[in-house]
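2 protein chains.
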Amino acid sequence: MRQVAILGIGQTKVDEHWDKSLRELGGEACFDAMQDAAMNKMEALFVGNMLSPLIDGQNQLGAFFSDWIGFWGHEAVKVEAACGSGAAAFRAGVMAVASGEIESALVVGVEKMTDKAGHDITAALATAADADYEVDQGVSFVGINALVMRRYMHEYGWKHADFAPFSINAHANAMHNPHARLHMEITTQQFEKSNMVATPINLLDASPIGDGAAAAIIVPAEKVTSVPGRPRIVLAGSGSATDTIAVHSRKDPLFLSAAYASAKRAYEMAGVTPQEIDLFELHDAFSIMTALSLEACGFAERGQGPRLGLDNEIRPGGRVPVCTRGGLKARGHPVGATGMYQIVEVIQQLRGECAETQIQDAKIGMAQNIGGSGATVLTHILKVG
Amino acid sequence: MRQVAILGIGQTKVDEHWDKSLRELGGEACFDAMQDAAMNKMEALFVGNMLSPLIDGQNQLGAFFSDWIGFWGHEAVKVEAACGSGAAAFRAGVMAVASGEIESALVVGVEKMTDKAGHDITAALATAADADYEVDQGVSFVGINALVMRRYMHEYGWKHADFAPFSINAHANAMHNPHARLHMEITTQQFEKSNMVATPINLLDASPIGDGAAAAIIVPAEKVTSVPGRPRIVLAGSGSATDTIAVHSRKDPLFLSAAYASAKRAYEMAGVTPQEIDLFELHDAFSIMTALSLEACGFAERGQGPRLGLDNEIRPGGRVPVCTRGGLKARGHPVGATGMYQIVEVIQQLRGECAETQIQDAKIGMAQNIGGSGATVLTHILKVG
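Protein chains in written order, with this note's numbering: chain A, 751 to 1135; chain B, 751 to 1135.
Accuracy of the hints is not assured; some may be wrong.
Claimed, not checked - Here's a subset of chain A near chain B, in silico, CB distances under 10 Å, partners left out:
| id | residue |
| --- | --- |
| 1 | Ser771 |
| 2 | Gln808 |
| 3 | Phe821 |
| 4 | Arg841 |
| 5 | Ser849 |
| 6 | Ala881 |
| 7 | Ala996 |
| 8 | Ser1007 |
| 9 | Leu1128 |
Claimed, not checked - Straight-line distance between alpha carbons at most 27 Å, and here's what the computed DSS-like set of lysine-lysine pairs gives:
| id | chain 1 | residue 1 | chain 2 | residue 2 |
| --- | --- | --- | --- | --- |
| 10 | A | Lys1001 | B | Lys791 |
| 11 | A | Lys791 | B | Lys1001 |
| 12 | B | Lys791 | B | Lys973 |
| 13 | A | Lys1014 | B | Lys791 |
| 14 | A | Lys791 | B | Lys1014 |
| 15 | A | Lys866 | B | Lys866 |
Note that these hints are calculated values from the structure, not bench results. Quick caveat: nothing in here was measured; it's all calculated off a predicted structure. Idealized CB from N, CA, C, for every residue including glycine.
Construct the complete structure from the given sequences, taking the supplied hints into account.
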């Protein structure tokens, strides 16, 4: 594989974009990335999206967006791995450039969710789970995560309030991210009293859906000369792995084996250890997932994830800063776009563009995007270099 | 890019598989390919599928099939480009192996369509078109192709019967393919009198849907030592290109510019001309598409595609044999699987396994898979070598 660099980034605010169509939303992030890179020609487009067939009645988003942004003639394709679609599309773009087949790829993650009512969205999100053996039994996606969280609390003796620091940190960081959906700080008391969704998961354990798009441009690293005032950002590691699609099929439902495997691969490829990661944009779709991700990726012992939050280690300045731009919890979770938001946010940190939540001297950042309840996990490590 | 070889192939019959679930159907083709290659471990799985979110309520087919076939821990992802999904997944697998990132990829195209009623399928297939500017105006997918065919007949003066040889050839060839959905020879008279679908497209201009799955295994070419009695099949060329998603946006709705561009790229990469192609598995979703594909890929002059049929040039033994295993028209068109059926069929020809429809001394075969009405087109050239 030849090394690749990420040259331009773009994103929309995560919001209820009733004034923008699917094509306008995705196009905005693409144009933003192209402007950031001062490039207007790429050889291929990779789109990450989960729900457009169900929500927008639109398939074939490769050609769809290629047409909209004026990439006629070029290669374009959609990659789907449920909520892991964004990073899956990014990895496809990386492979295409790394193989030598193309010289530049634009990757966009996009999702327009708020045009449908809540029960439609709940049903659509459940397509990430096992239709035959989970969904047909009546369990929703949040329901599956609630069962995992209940079991975790039982096994390791944590109280619900012990997860509060994860959400508090995400909301605090989002205050300084203009692209975040939720701009409101929360307290432990609010966390405890929030409306119940699926016990023990309440509204402040869960990430909000939203409309959003984020994009980045991948090129061969050797072609990137330094941009004044900006470091060169290269891909150091990339790993992708799967687990059983149904949680009940796992020997240990409290261990994200695909997160472990994909992170291991990314660490090996990058030649780094967890201790060298300056920030970690993880997939906090629910607060329990923050704990499980930190454990699977080597930042905490099994069953000890919440300790990092309680000890203030996940805040900017802590040992392992997470969700530095708000995470899924407060930046928002436009499912197929989320993985690309994470990539964009890691790059913002490595460029030093994060002001109040800037991680000092950030040189190596990691992003981990999860599809389903840990079924598909992609980990990317980016570095200044 | 390092060169890749295709080592194993597998497929199910295209049929109404009411006795098989989506996972069983796709799994069957995967196991068939693994048995054919005498391999049981691959490093990644790429799935081509268009309709499972809409028909089966199932997303994340990468993890879904990886789980079913026992590939726990490995990378797995779905690629979607409407009816071009199969070849798009194949190209993703090629890139991943060609980049050096992985040493083996299993690619499966799978679609289970017949569990839903016809009007549901018509609506689902329309997601390949432009939801905002085509489908919302009330046009179906066959309706779009009917407009193109009517215009073509008007521009170039062809009668409907002039397209008969395309369907007659496909049906005749399918008689000898045990995996084909339709085993019935047809005559020009039957072609002319068939039930109208969307004038001028009648039932014998149109390919039937179906349930089906086809798979292949990709490995670095240098790792393949010759198998006794079997030639080594390598990828010679691969091209992927897009056009506007809506047909009405094209300057010339009668020219498949993405078919032209993707074939051009594949020819250049393979270093061959159309004259050197021994057989061409093209995307005959409708008879008009056969004419347009032959023209865009350099086998006929503009407007002269039907001449090749009338002159018997497309039959086995002709100048450019097409649909040698029945094509979409008679093998059947399980949309997201079709591109992989084409790859599998080209390999069967290059291996000399096609008995009555075997192309003598076939050394170079081409497969072209189309998403939407020419919006996404992927062309692959395989050769003995």
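How the hints compare with the structure:
1. Because the closest C-beta pair between serine 771(A) and chain B is about 7 Å apart, less than 10 Å, the hint holds.
2. With a cut of 10 Å, the hint placing glutamine 808(A) at the interface with chain B holds, because the nearest CB-to-CB distance is about 4 Å.
3. Using the Cβ-Cβ criterion of 10 Å, the hint placing phenylalanine 821(A) at the interface with chain B is satisfied: the shortest such distance is roughly 7 Å.
4. Nearest Cβ of chain B to the Cβ of arginine 841(A): about 8 Å, under the 10 Å cut. The hint holds.
5. For serine 849(A), the suggested interface contact is upheld, since its CB lies about 4 Å from the closest CB of chain B, less than 10 Å.
6. The restraint placing alanine 881(A) at the interface with chain B holds, with a minimum CB-CB distance near 4 Å, inside the 10 Å limit.
7. For alanine 996(A), the interface hint holds, the least distance from its beta-carbon to any beta-carbon of chain B being 8 Å, beneath 10 Å.
8. Nearest Cβ of chain B to the Cβ of serine 1007(A): about 7 Å, under the 10 Å cut. The hint holds.
9. Interface restraint check for leucine 1128(A): the shortest CB-CB distance to chain B comes to about 9 Å, inside 10 Å, so the restraint holds.
10. Taken as a hint, the lysine 1001(A) and lysine 791(B) pair is honoured in the structure, with Cα atoms around 21 Å apart against an allowance of 27 Å.
11. For the hint linking lysine 791(A) to lysine 1001(B), the alpha-carbon distance of about 21 Å falls within 27 Å, and the restraint holds.
12. Restraint check: the Cα-Cα separation between lysine 791(B) and lysine 973(B) comes to about 15 Å, which is no more than 27 Å; the hinted pair holds.
13. Among the hinted pairs, lysine 1014(A) with lysine 791(B) is consistent with the structure: their alpha-carbon atoms are about 20 Å apart, no more than 27 Å.
14. Note on lysine 791(A) and lysine 1014(B): the hinted pairing holds, with a Cα-Cα distance of about 20 Å set against a maximum of 27 Å.
15. The suggested pairing of lysine 866(A) with lysine 866(B) holds, with an alpha-carbon distance near 23 Å, which does not exceed 27 Å.
In summary, the structure agrees with every hint in the numbered list given earlier.
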